[in-house]
Structures are given as structure tokens and as C-alpha cells.
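Start from the sequences, fold in the hints, and give me the full structure.
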Amino acid sequence: MLARVTCFALDGLRPRRVTVEVDLRTGLPALTIVGRADAAVRESRERVHSALLNSGFQFPQRRITVNLAPAQLRKQGPGFDLATACGILAASGQIPADRLAGWAVFGELSLGGELRPCGGALAAAEGARAAGLDGIVVPWACAGEAGLVTGLEVAAAHTLADVAALLRGAAPKAPPPVAPAASGGTEFLIDLADIRGHAGALRALEIAAAGGHNLLLSGPPGTGKTMLARRLPTILPPLDPEEALEVTRIHSIAGLRVGRGLIEQPPFRAPHHTISAPGLVGGGAGPSPGEATLAHRGVLFLDELSEFSRPALEALRQPLEDGHVTIVRGQTATCFPTRVMLAAATNPCPCGEGGAACRCTSADLTRHRRRLSGPLLDRLDLLVAVHRPTAGELAAPPVTDSATVRQRVAAARWRQRARNGGLNTTVTATDLARALRPGARALLREVYERGTLSARGHARALRVARTVADLDGSEEITVEHLLEALGLRQEQGETTPVAA
Numbered sequence: 001m002l003a004r005v006t007c008f009a010l011d012g013l014r015p016r017r018v019t020v021e022v023d024l025r026t027g028l029p030a031l032t033i034v035g036r037a038d039a040a041v042r043e044s045r046e047r048v049h050s051a052l053l054n055s056g057f058q059f060p061q062r063r064i065t066v067n068l069a070p071a072q073l074r075k076q077g078p079g080f081d082l083a084t085a086c087g088i089l090a091a092s093g094q095i096p097a098d099r100l101a102g103w104a105v106f107g108e109l110s111l112g113g114e115l116r117p118c119g120g121a122l123a124a125a126e127g128a129r130a131a132g133l134d135g136i137v138v139p140w141a142c143a144g145e146a147g148l149v150t151g152l153e154v155a156a157a158h159t160l161a162d163v164a165a166l167l168r169g170a171a172p173k174a175p176p177p178v179a180p181a182a183s184g185g186t187e188f189l190i191d192l193a194d195i196r197g198h199a200g201a202l203r204a205l206e207i208a209a210a211g212g213h214n215l216l217l218s219g220p221p222g223t224g225k226t227m228l229a230r231r232l233p234t235i236l237p238p239l240d241p242e243e244a245l246e247v248t249r250i251h252s253i254a255g256l257r258v259g260r261g262l263i264e265q266p267p268f269r270a271p272h273h274t275i276s277a278p279g280l281v282g283g284g285a286g287p288s289p290g291e292a293t294l295a296h297r298g299v300l301f302l303d304e305l306s307e308f309s310r311p312a313l314e315a316l317r318q319p320l321e322d323g324h325v326t327i328v329r330g331q332t333a334t335c336f337p338t339r340v341m342l343a344a345a346t347n348p349c350p351c352g353e354g355g356a357a358c359r360c361t362s363a364d365l366t367r368h369r370r371r372l373s374g375p376l377l378d379r380l381d382l383l384v385a386v387h388r389p390t391a392g393e394l395a396a397p398p399v400t401d402s403a404t405v406r407q408r409v410a411a412a413r414w415r416q417r418a419r420n421g422g423l424n425t426t427v428t429a430t431d432l433a434r435a436l437r438p439g440a441r442a443l444l445r446e447v448y449e450r451g452t453l454s455a456r457g458h459a460r461a462l463r464v465a466r467t468v469a470d471l472d473g474s475e476e477i478t479v480e481h482l483l484e485a486l487g488l489r490q491e492q493g494e495t496t497p498v499a500a
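Quick note, the sequence shown lines up with residues 1 to 500 if you use UniProt numbering.
In case anyone wonders, no lab produced these hints; they're calculated from the structure. You can take every hint at face value.
Estimated spans, in silico, between C-beta atoms of each pair:
| no. | residue 1 | residue 2 | range |
| --- | --- | --- | --- |
| 1 | G151 | S309 | 42 to 48 Å |
| 2 | A356 | A429 | 34 to 40 Å |
| 3 | D194 | Q407 | 16 to 22 Å |
| 4 | A455 | A395 | 44 to 50 Å |
| 5 | G112 | Q407 | 49 to 55 Å |
| 6 | L2 | A410 | 54 to 60 Å |
| 7 | E307 | G421 | 35 to 41 Å |
| 8 | R419 | A69 | 45 to 51 Å |
Every residue, glycine too, gets a C-beta built ideally from N, C-alpha and C.
Shown next, in the form of C-alpha cells:
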């Protein structure tokens, strides 16, 4: 007898419909899985066998062939366990096969028949809705995540026996409420009010957050570079519903938030400097998303930028420019989004002091500067020198707080979306140049003709000036706005690395 069950495979970040075909034939008892399945899927034979017996069902003593169609699509992970078990039950007549027609099933089985959560439940639910199915059966722990998809019935189950009862006509249990997101509100344990001094750096953080610009903080150790960067998420407004669903899907597929609720705040990722290029931008045999994708719509913070490997930093150049990265493995290309705000921190030299106190030789400085290539630095919009605060600044009250800055950032982003449909980083320089006042246009032309800006730097300086104008509530870009943008882009003294 033949039975068919609908499940979903993850092709990068996209759900792909998979039909699990189960055929029972006379012959020596065996269970064979075909259809380009990885090791985790092939190992499901033992999990399904034990789960069926320990749940009180019969395991057919016949030749069982399980085909995962389409055959050319790679299938990974344990999410096919439940579909395989349901297919065997339907093919052997232990549950009605016709009840499977309008449902998708997705989940991992334990040896005792319990359903375990697995990454990608949200993507599978989105695939079921797109396929026009009536609903999806998922483990109880994943029901809140799958329930984020509207227009689809979600049935949650604790065990394989619960799934069988549901397919026999039992009323589905109401799924559990969605768990609150880790950063669902606007309350943070850290705040810009913790910062003393650094008025220029705080202004740069505000501009970077308002326009989604890349930022480099450079200065001696202990001056507050990391402290500043880690407070960047506290001034970012919450994600809109579409962005929140996109970010939640990415983290669910990566296995970081299995069974958790909607991510409402922009993500913040801070990988260690020993990370490899595939770990930073994505890769592997799968391939799987990297840190740049996990930080999509949020902040990617690279502390000690000069300590990252040259291949890892060079691999980041194209994703920063295009907002996505395409990973090719064999004859398959997978695209991951990388629309991130890069925040980086670095010491000015190997000894960390910089300036007159620097103890490095010229050879040390040359090696240090060569670690940060010119093309990478050209993709950074704001270059900020962070100096050691004075004793008076440390004793003074805070310059500002996160709530105040976040309101200004949200207002500036609203102006950008109302005008452009997106942030200034997504708009072409030609469109932005229309807002230049004559004096600002002449100044930008003069600076470019001096050779101090590349063509890319010209466009990025214009985008920063547009953001400064948005923070000022101005529809036009004035000379003052452009001067502030150019000042934040230029190297500030000996504390900013110079590309070799």
C-alpha cells in the first residue's frame, strides 16, 4: 500500500515542499529511505522504529521504502521523523490515509514516541500556508513559533499517539501561548546614560542608528569603544511586523530560538575574532547562515577588528555592499540576506596607545594597517576616534540617555521610509543628490575633485549627510549637514587606522 505525507525541507532560508511517499511490499523486513537524505534523515529509521513500538503501534514486518520527493532537493535535519512515522501508519492502515491530504507534519521523534522541537518550524508553517494546506502538525514546543503564521491551523502534539488521535478525528488541542521574545520591549539592562564624556562618539552612534550606517570606533584600550558599541541596540527602534517575522525565521532555521516567540528588537551579534570566513558570511556543506545573516536587520559588532583574519574581513566586503551573500556548493546556489549595520572597534596600533605615546616600530604599524584593507575601510561610513575621557567628564552627569536618542532615531527613520520606502543606505546617490542645496553641491564636488573620496565614498558621504538632515528635520541637505558627514568620514588624528 502507498501513502503520501507532506513535509517541508529548508533550502537555505526557503521552505520547499517535500512529499514523503511510503510504500509497503511483501519481502524481507527492511526500511529504506531514498531521495538525497543526509545522515540525520537516514538515522530516522531507528528513531521511527522505536517510536512506533513504544507508542503502542505495530511496525509492519514488510519491505518499507520511503521516498522523499523531489529527489534532487537535499534533505537535512530530523524534521522528517514525524512525516515518516505517519506515512508508515497510514500505509499499514493504522490511521486513515485520507486525513493526511490537507495537513503537513513536521517534527523530530524520540525513541519513546515523544515529539521534540527542531529548527525551522516557522518556515515550515509559512510553506504550508503558501501551499494552500489546511494546517500543520508540529511538536508542542514549536506551536507558539508556528502560530506566528496567520491563516493556518496549527495543531500541537506531545507524542506520536496524540498525532494519530488527531488524524483519526480527535479535536486538536489549543496551542500554547507564544513565549515572549527575549528583547520584546524597549527595556535594556544597559543605557547610554552609563557613558561619561564621548559627546562626539554618541553623536556618531545616533547618526549610524538613524540611517543604518557602518561605524568604526578607534582608540586606545579602555577608552569605552566596546561600551559604546554594545549600547547601539538600545537606541534602535523595534522591528516592524514583516522584519520581525523575517528575523525570527532566520534564527529559527539556525536553531537559536526553537519554540520561542517573535523577535521584536533588532538582533545584535558579536562574534569572536577567531571566527572563520564561512562562520562570518555563511557556508559549510549545507550551507548554513553566518553571523552576518544572523545579524540581518540589526547590528554586527566586530570587536578588535584588526585581529580578525584577512580572509574573513575580505569575505565581508561584498555582503556589506549588496545586502546579501550567495553561497555556491556544487551546482546549488543559496542566498542569505545580510542587511546589517556593521559596528567595529579597533586599537590604533599593536601597543594600543597611538599618538606620541606609541611604542610601535614603523614595521609594526605597517603590518597593523595592512590588516585593514582600503576597500573594507571605504565601506565604513563613520570613522570615529574615541579618546580617554578626562576626570571632569567622568564625574559629570551623562550627556544623554537611550530613550531620548531612540525617539530621535525613530523619527528620522520614519522620514526616510516615508520618502524613500527604506533607509538612506538603500537609496541611490543620484536620488539623494536632488536634495543638495547649491552650496552643499559645490562643496561635495570640490572635496571629490581633491581626490580625498572614492566614488563609493562620495555616495556614502552623501547618504550620511541625508541622515544628518533627517535628524535635523530638514528636507534639504545643507552645507552644515555635509560638513558633519565629511568630518565623521575623515581620519581623525593618529587614532584612526590608515589603509595601506
